[in-house]
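Same order as they appear, the protein sequences are chains V and L. Residue 216 in the working numbering sits at position 216 of the first sequence, with consecutive numbering throughout. Residue 70 in the working numbering sits at position 70 of the second sequence, with consecutive numbering throughout.
Some clues are possibly wrong.
Here are some chain V residues pointing at chain L (derived, C-beta under 7 Å) [what the hints assert, rightly or not]:
(1) ALA11
(2) GLY54
(3) ILE173
(4) GLU189
A few chain V positions that, by computed beta-carbon distances, are all more than 12 Å from chain L [as the list claims (entries may be wrong)]:
(5) LYS7
(6) ALA12
(7) GLU19
(8) ALA24
(9) ALA25
(10) PRO176
(11) GLY187
(12) SER203
(13) GLY233
(14) ARG236
(15) ASP238
(16) ALA253
(17) GLY268
(18) ILE278
Read the hints as simulated data drawn from the structure, not as lab findings. All C-beta atoms, glycine included, are put in the ideal place defined by N, C-alpha and C.
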Amino acid sequence: MSCGEFKDNVAAYVLGLLEPGERAAFEAHLDELTAHDGCREALAEAYETTALLGAALPTMQPRAQVWQAIEREIGATPAAGSNVRESTTRPAAARPERSGRRRELVAWTLAIAAGLLAFVFGMEYRIGQRTLADREHELDLASATDRDKAICMRELATARVSLREKEAALSLIGSPGTQLVQLAAQGAEPYHASALLNPAEKSAMILTTALTPLQGKDYQLWLIRGGEKISAGVLRTDPSGATLARISDEVLAGGRPDAFAVTIEPQGGMPQPTGPIILLGKVPV
Amino acid sequence: MWEKIASPSAGGYEGAMDASSNTADQALLARVSRGDAAALRALYDSCSARALSVAHRVLGTRSEAEEVVQETFVQVWRQATTYDASRGGAMAWIATIARSRALDRLRTRAASDRAVARSEDPDPVAEPAPVELAAQRELRTQVIAALAALPQEQRSAIELAYYEDLSHSEIAARLGDPLGTVKTRVRLGLAKLAMLLGSHRPGESS
Numbered sequence: 001m002s003c004g005e006f007k008d009n010v011a012a013y014v015l016g017l018l019e020p021g022e023r024a025a026f027e028a029h030l031d032e033l034t035a036h037d038g039c040r041e042a043l044a045e046a047y048e049t050t051a052l053l054g055a056a057l058p059t060m061q062p063r064a065q066v067w068q069a070i071e072r073e074i075g076a077t078p079a080a081g082s083n084v085r086e087s088t089t090r091p092a093a094a095r096p097e098r099s100g101r102r103r104e105l106v107a108w109t110l111a112i113a114a115g116l117l118a119f120v121f122g123m124e125y126r127i128g129q130r131t132l133a134d135r136e137h138e139l140d141l142a143s144a145t146d147r148d149k150a151i152c153m154r155e156l157a158t159a160r161v162s163l164r165e166k167e168a169a170l171s172l173i174g175s176p177g178t179q180l181v182q183l184a185a186q187g188a189e190p191y192h193a194s195a196l197l198n199p200a201e202k203s204a205m206i207l208t209t210a211l212t213p214l215q216g217k218d219y220q221l222w223l224i225r226g227g228e229k230i231s232a233g234v235l236r237t238d239p240s241g242a243t244l245a246r247i248s249d250e251v252l253a254g255g256r257p258d259a260f261a262v263t264i265e266p267q268g269g270m271p272q273p274t275g276p277i278i279l280l281g282k283v284p285v
Numbered sequence: 001m002w003e004k005i006a007s008p009s010a011g012g013y014e015g016a017m018d019a020s021s022n023t024a025d026q027a028l029l030a031r032v033s034r035g036d037a038a039a040l041r042a043l044y045d046s047c048s049a050r051a052l053s054v055a056h057r058v059l060g061t062r063s064e065a066e067e068v069v070q071e072t073f074v075q076v077w078r079q080a081t082t083y084d085a086s087r088g089g090a091m092a093w094i095a096t097i098a099r100s101r102a103l104d105r106l107r108t109r110a111a112s113d114r115a116v117a118r119s120e121d122p123d124p125v126a127e128p129a130p131v132e133l134a135a136q137r138e139l140r141t142q143v144i145a146a147l148a149a150l151p152q153e154q155r156s157a158i159e160l161a162y163y164e165d166l167s168h169s170e171i172a173a174r175l176g177d178p179l180g181t182v183k184t185r186v187r188l189g190l191a192k193l194a195m196l197l198g199s200h201r202p203g204e205s206s
């Protein structure tokens, strides 16, 4: 399917009008490794537009018991619930008007931005928060390598993994020719990972933090080489979200990868990625 | 996003970062994915009315539509980690989930039940919230005007597909149009709506 055909089908897809075969071809197109011509944007726009159809309907408000049932079902904890109850009991008449709602949104945005800034400055080693473009413009490769090593060592120090695994990672970091690849978060979540890659020795490890275990889903690591996505397996993280794992020789046998990526996939992993990319790092040439 | 990896030159990575830049709602979704119930409540405050309206339009009864809203937000709570920006903003994602769950219910319902259910609850504006109504009036007026600006056959095709779960061929039969024409009408109609309502999509409001 070409990008043009994809965009012609976006409306029919979002409205559920495609036949199963057409639907599968449409969904497969998004994963194609071509330079897409605004395909994701066209899909997002179609979802936005169809969602606006509902704004033309008579206005309804769910009754209070709907939120109470949600709260029960998600098992909102008392700590989170203190805020929640306050807003639940807020009378409908006191709901903010449009301008108030805007202010509320602005306040949310500012609070979140401030939180992110504090996070970034508080943990400046998480350079994954910065754009890759910034990093590419930093041409001082020697200092970049030192900095990456420092990041990796600090992550290794905080990761709750066995001493034996830590020693293996330290040995790899110390080997001549080992490259450190920082995997940057591809969304709001402060995920981070470092890949240690020694192409000559065909040896590699992945070190992650903040990959909180998921219910019914798994994090899956991918090596990208010449446009191919090769599964390097599912990442088993501890409750703190840390893991340190060796990448199998078999996966590395095909040569130096171009990039590492992590996606969220159904439990047990998938042969090819289907979920969103949450971490991405290009291997420096 | 995979295409960004294959084309690392010419700002491919910057594009990937821009695409995931935070809107307030997406940041709320990120908090929800970390188990923040207050963030879910904030999304519920801004999106539950739309979800209810859509579910009610599909199902015809308030009680069932409210069950759909409940299921929708529980699903948002459980699946916020899988949200991806190609599904539109948070409101679009939530409305899409609500529509899809309502249509699932519609499919499992016998046609005779459907007729009964629709007659049970004739008043969709049973519980209007006056202030909320004022806040949404402007948007509602604009969407109604935009829909009215579409040729009748485009509007009907879109509404039949969105609310009634009809296939291409069923819509074609209902409207008496050739099959190929229906797809074209849906595409042109949605493109025109997007153009008319562009300023109401998140990140584009003036």
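To see whether the hints hold, each was checked on the structure:
1. ALA11: Result: holds, 4 Å to nearest chain L Cβ.
2. GLY54: Holds: closest Cβ of chain L sits about 4 Å from V/GLY54, inside 7 Å.
3. ILE173: With a minimum Cβ separation of about 25 Å from chain L (threshold 7 Å), the hint on V/ILE173 is violated.
4. GLU189: At 6 Å from the nearest chain L Cβ, V/GLU189 passes the 7 Å test, so the hint holds.
5. LYS7: 9 Å, violated
6. ALA12: Check fails; 5 Å does not lie beyond 12 Å.
7. GLU19: 8 Å, violated
8. ALA24: 16 Å, holds
9. ALA25: Fine: 15 Å to the nearest Cβ keeps V/ALA25 off the interface.
10. PRO176: 26 Å, holds
11. GLY187: 5 Å, violated
12. SER203: Given a closest Cβ separation of 23 Å, the condition holds.
13. GLY233: Holds, because the least Cβ-Cβ distance between V/GLY233 and chain L comes to about 19 Å, which exceeds 12 Å.
14. ARG236: 17 Å, holds
15. ASP238: V/ASP238 is indeed farther than 12 Å from all Cβ atoms of chain L, at 17 Å.
16. ALA253: 21 Å, holds
17. GLY268: For V/GLY268, whose nearest Cβ neighbour in chain L is about 16 Å away, the distance exceeds 12 Å, so it holds.
18. ILE278: 8 Å, violated
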